[in-house]
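Residue numbers (this note's numbering): 304 to 509.
Check the hints yourself; a few may be wrong.
The list that follows gives simulated cross-link-like pairs (lysine-lysine, DSSO-like), each with its CA atoms no further than 30 Å apart [what the hints assert, rightly or not]: (1) 498 <-> 405; (2) 492 <-> 452; (3) 405 <-> 452; (4) 492 <-> 405; (5) 452 <-> 327; (6) 498 <-> 318; (7) 498 <-> 327; (8) 492 <-> 318; (9) 498 <-> 452; (10) 384 <-> 405; (11) 492 <-> 384; (12) 318 <-> 405; (13) 327 <-> 405.
Computed Cβ-Cβ distance ranges for the label pairs, DEER-style [what the hints assert, rightly or not]: (14) 366 <-> 320: 32 to 38 Å; (15) 425 <-> 370: 42 to 48 Å; (16) 360 <-> 447: 32 to 38 Å; (17) 360 <-> 440: 33 to 39 Å; (18) 436 <-> 370: 34 to 40 Å; (19) 339 <-> 387: 21 to 27 Å; (20) 462 <-> 353: 20 to 26 Å.
For the record, the hints were derived by calculation from the structure and aren't laboratory data. For each residue, glycine too, the CB sits at the ideal point set by N, CA and C.
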Amino acid sequence: MCVIVYKPLEAPLPKEPLLRICWKRNPDGAGLMWPENGTLHFIKGLMTWESFLEAWRSLSGRQDMEQIPIAIHFRVSTSGKVDSQQCHPFPIGAASASLALKGRAEAAFMHNGELSQMDAAEGESDTMAFMRSIVRPLCCCNHNCLSDKQALRSIDEGREESRFLMMDGRGRTRLFGDWIYDSGLLFSKRSYQPKRRLPAAVTQPA
Numbered sequence: 304m305c306v307i308v309y310k311p312l313e314a315p316l317p318k319e320p321l322l323r324i325c326w327k328r329n330p331d332g333a334g335l336m337w338p339e340n341g342t343l344h345f346i347k348g349l350m351t352w353e354s355f356l357e358a359w360r361s362l363s364g365r366q367d368m369e370q371i372p373i374a375i376h377f378r379v380s381t382s383g384k385v386d387s388q389q390c391h392p393f394p395i396g397a398a399s400a401s402l403a404l405k406g407r408a409e410a411a412f413m414h415n416g417e418l419s420q421m422d423a424a425e426g427e428s429d430t431m432a433f434m435r436s437i438v439r440p441l442c443c444c445n446h447n448c449l450s451d452k453q454a455l456r457s458i459d460e461g462r463e464e465s466r467f468l469m470m471d472g473r474g475r476t477r478l479f480g481d482w483i484y485d486s487g488l489l490f491s492k493r494s495y496q497p498k499r500r501l502p503a504a505v506t507q508p509a
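Can you build the whole structure from these sequences, using the hints too?
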């Protein structure tokens with residue numbers, strides 16, 4: 304399983320301690336995406352906390368970042384190899400575009416969960432198989448994919464118990480599944496939360 308952190312338009316930026324918790328519990332690579340000037344920008348394949356933190360600080364240090372939506376994905380592998388190309392997001396477009404680690408796209412896709420019905424190739428994650436067989440055929444030639452109700456319905460029907468996030472260059476974002484709203488941010492599961500400290504045991508007097 305993984306975790307997706309979604310910062311909607313004008314919501315506060317997630318703090319580094321929260322992102323550190325997400326990384327520690329999902330340490331198999333990270334990626335993020337955001338819209339800028341009508342184009343979706345993405346970086347992924349960040350395989351260490353230090354590389355993620357460098358990318359995050361470069362982005363979050365800009366003055367306009369609270370005014371745009373941002374999606375961050377932290378991966379823990381349940382299928383497929385642990386490598387940079389298996390990280391999310393996956394740009395929606397030609398097959399070769401989905402393997403890029405940095406660049407621009409019209410839209411991109413993130414996933415948290417397991418897709419048991421996917422016929423994945425050797426070394427391929429269930430997400431990559433879903434992209435190849437479902438998302439790309441529905442969306443790669445459709446410039447209004449995030450407005451296409453039939454395409455969105457077909458994607459939703461295939462998600463099982465998973466959570467999906469899709470974003471385009473205009474900042475339009477579609478969430479699929481049940482999400483957790485907390486302090487202005489949305490999370491695909493609760494692994495962003497610090498573990499509660501239980502009170503120390505007290506020895507009763509004899």
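A quick look at each hint next to the structure:
With a C-alpha separation of about 33 Å, the suggested pair residue 498 and residue 405 falls outside the 30 Å cut-off, and the hint is violated. Of the supplied pair hints, the one linking residue 492 and residue 452 holds, its CA atoms being roughly 26 Å apart against a limit of 30 Å. Distance restraint check for residue 405 and residue 452: the Cα-Cα separation of roughly 29 Å lies within the 30 Å cut-off, and the hinted pair is therefore satisfied. At most 30 Å may separate the alpha-carbon atoms for a hinted pair to count; residue 492 and residue 405 meet this at roughly 26 Å.
Simply put, residue 452 and residue 327 have alpha-carbon atoms about 37 Å apart, too far for the 30 Å limit, and the pair is violated. The hinted pair formed by residue 498 and residue 318 meets the criterion: a straight-line CA distance of about 17 Å does not exceed 30 Å. For the hint linking residue 498 to residue 327, the alpha-carbon distance of about 12 Å falls within 30 Å, and the restraint holds. Straight-line distance between C-alpha atoms of residue 492 and residue 318 comes to about 17 Å, which keeps the hinted pair within the 30 Å bound.
For the hint linking residue 498 to residue 452, the alpha-carbon distance of about 39 Å lies beyond 30 Å, and the restraint is violated. Simply put, residue 384 and residue 405 have alpha-carbon atoms about 19 Å apart, close enough for the 30 Å limit, and the pair holds. Distance restraint check for residue 492 and residue 384: the Cα-Cα separation of roughly 22 Å lies within the 30 Å cut-off, and the hinted pair is therefore satisfied. With a CA separation close to 23 Å, the supplied pair residue 318 and residue 405 stays within the 30 Å bound.
Under the criterion of a C-alpha separation no larger than 30 Å, the hint pairing residue 327 with residue 405 is consistent with the structure, at around 23 Å. The hinted window of 32 to 38 Å between residue 366 and residue 320 is violated, with their beta carbons roughly 22 Å apart. Distance hint check for residue 425 and residue 370: the Cβ-Cβ separation is about 43 Å, which falls inside the suggested range of 42 to 48 Å. Here the CB-CB span from residue 360 to residue 447 is close to 34 Å, well matched to the stated 32 to 38 Å.
For the pair residue 360 and residue 440, the supplied restraint of 33 to 39 Å holds, since their beta-carbon distance comes to about 37 Å. Separated by about 36 Å at the C-beta atoms, residue 436 and residue 370 satisfy the suggested range of 34 to 40 Å. About 22 Å separates the C-beta atoms of residue 339 and residue 387, a value consistent with the hinted range of 21 to 27 Å. Checked against the hint of 20 to 26 Å, the pair residue 462 and residue 353 fails, with Cβ atoms roughly 33 Å apart.
Checked against the numbered hints given earlier, the structure breaks hints 1, 5, 9, 14 and 20 and satisfies all the rest.
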